[in-house]
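Novice: Start from the sequences and build out the full structure, keeping to the hints where you can.
Here is what each chain is made of, one letter per residue.
Number of protein chains: 2
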Amino acid sequence: MRREEGTSESEADEREQHTAIAAILAAAIDSEQARDVWRLIDQAKSILLLAHERPDPDALGSALGLAHVLSPLGKECVVACADPVPANYAFLPGHESVVSRLPHQHFDLVIALDAGELGRYGALYTRYQSFFDTATILNLDHHVTSSGCGQVTIIDPASAATAELLTLLLLNREIAINLDAAKCLLAGIITDTRSFEYDATTERTLLAGSYLVGCGAIPEEIIKPYYRVKALAKARLWGIVLDRSLQSAAGGSIVWACVRRDYVREAGATADMDDGLASYLVDIDGVAFSVIFEEQDATTTKISIRTSAPHDAAAIAAAFGGGGHLRAAGAVLPMDIEAAVDRVIARIEASL
Amino acid sequence: MRREEGTSESEADEREQHTAIAAILAAAIDSEQARDVWRLIDQAKSILLLAHERPDPDALGSALGLAHVLSPLGKECVVACADPVPANYAFLPGHESVVSRLPHQHFDLVIALDAGELGRYGALYTRYQSFFDTATILNLDHHVTSSGCGQVTIIDPASAATAELLTLLLLNREIAINLDAAKCLLAGIITDTRSFEYDATTERTLLAGSYLVGCGAIPEEIIKPYYRVKALAKARLWGIVLDRSLQSAAGGSIVWACVRRDYVREAGATADMDDGLASYLVDIDGVAFSVIFEEQDATTTKISIRTSAPHDAAAIAAAFGGGGHLRAAGAVLPMDIEAAVDRVIARIEASL
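Protein sequences appear in the order of chains S and D. Position 265, counted from 1, in the first sequence is what my numbering calls 265; the numbers after and before it change by one each time, with no gaps. Each position in the second sequence, counted from 1, maps to that position plus 352 in my numbering.
One should not assume that every hint holds.
As the list claims (entries may be wrong) - Just a few of them, taken from the derived set where beta-carbon distance is under 7 Å, the chain D residues facing chain S:
1. Ser547
2. Gly566
3. Val581
4. Ala587
5. Ile592
6. Leu594
Quick caveat, the hints were computed from the structure, so don't treat them as lab data. The beta carbon of each residue, even a glycine, is placed where N, CA and C say it ideally should be.
Specialist: See below:
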């Protein structure tokens, strides 16, 4: 017996699958909460959608994704963000329409996305504070640390991304998620989970991803530009740093490397191109602590620390006046890079 | 209004979600096909599960995953593979039980997984050919190029991984997927799609991933050891190669680097630690062709070519007696590394 076609489904089966997934996602949110959200949106004709400052693709993807579904419903939508959209976010349809100043128009509703404090919307908030004082605000976010800032607020830490929460809210209302919206929402989910890797990824996160892929969004079109494409100068810089400065101590449980200003110059790079290097080093077999020492000038060195469990990066950073999280922390030290290496590595060795 | 708990679901809701996802996956396979598969398995008491030679986590995860669900059903299962399990596959529960020679026992059924030709099971097949000549074989695979080799064969190219097909077959039979099985099957899906990135990833692929995460499998426990953890020597080797040999031509659309034997020695590395470097280079902004030149000895150079669409890697490799796929190909050239660089780069420049 040989069945060439295997289990390939007919289009009708695929439509049925898609509809069934939508029903599960629609049921995954409290209907009363969803009603509160839609009541506000229904009442509004003109809507300002806000992404927080220094936007990530979840903030912008959530704002743009909502705009893509609300505009065809007759809502006049403006997406705003205090900072410009990074160049490598071109996978977000509509990214070119994001404004950094508010137009002179009335808004019936502000939807504040992916942050629970108005201050996190940066200059957009501080510049237009009197507008926000009287605005009706709907606040949708997933950060457990958020305090909330809306007349209606949903902070859902069970969602790996604000885009996951929005997917539930849209499907609960039985709103068709068009292709542009699906691309924006999938971008939020993929980038907030590093392609479903981080432990915030639940069965429901992947289910939402599944549904959005079924709407036509393509993961590779997000992952490649966001995680893989890099400048030639960045590859050169990493090569120089690893070849000339990679060191280890404590039997390989501490590794570090130095980003010197002349390395950056020689590579034709910019200083921010060491981004990701500390994480790359902590994933070396057997490493407990990794540190990148970045020479800022002759008397200032920035450090980025990463740890594997159970080691505490924040404690080391705090010893040098910095801070951060348990697995990722940093500090700026008032000394040259040689002195910083000596002091920080000695401190980590003492902690082991 | 502030709802701290957001949409967090009760356990009952989560169980309902899990069951509903199982039902969609169960319906996604032709029930007649599934019946043919289960008829063979039902009739067997002792089962040999085969992973193809040079196994990837989908081959081994499929074989081990099936064993994890069939053993509690009273089946005596042996998982075999011609080659040893790579050390970094420890995320596959049961990996230590895989044998590379057949035990002296009778098997009622052979389940050949993730390859459709018996020759692809390597030395296991050639050494025991007379056994296979008379065995009842169930062949489950997803490679479109497979010819099939079983009394019952399902080759399902709609599945991104053999593990996706198995998930459907198990749920169609309403078999509970236990934690060990879920870990094995999720490993197959994640590694065959590079964490849901490759274009084989469909709505159904993510749905299967969702279900397996709901069974308790954790993506990070697969992704970290498989994709991120590396030897210190590998980081050293990449640094040396990038710092000392990275070059570009044709306005940056061709980039290449050389892995010389003395680089490998200096890094304390092994030659295979350049694995992934060609892909790393093709993801540099604006690159059409990347090439890694690996010095094998004074008169032999191996090349690995990667391309971005629409450029043809296989055509370049073929010009030097090699072959491969449209985006990834290779060849072995009977010349020293300098001559190989000159010839190959000239050939690529001529093709642009």
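Novice: Hint leucine 594 (chain D) vs chain S: min CB-CB distance below 7 Å?
Specialist: Constraint on leucine 594 (chain D) satisfied, holds at 3 Å.
Novice: For the restraint on glycine 566 (chain D), tell me whether the closest CB of chain S is nearer than 7 Å.
Specialist: holds, 3 Å
Novice: Taking 7 Å as the limit, does the beta-carbon of isoleucine 592 (chain D) come near enough to a beta-carbon in chain S?
Specialist: holds, 5 Å
Novice: Hold the hint about serine 547 (chain D) up to the distance rule: shortest CB distance to chain S must be less than 7 Å.
Specialist: With a closest approach of 5 Å, the serine 547 (chain D) hint holds.
Novice: Just to be careful: measuring from the Cβ of valine 581 (chain D) to every Cβ in chain S, is the smallest value less than 7 Å?
Specialist: holds, 5 Å
Novice: Does alanine 587 (chain D) pass the interface hint, meaning its C-beta sits closer than 7 Å to a C-beta of chain S?
Specialist: holds, 6 Å
Of the numbered hints given earlier, the model fails none.
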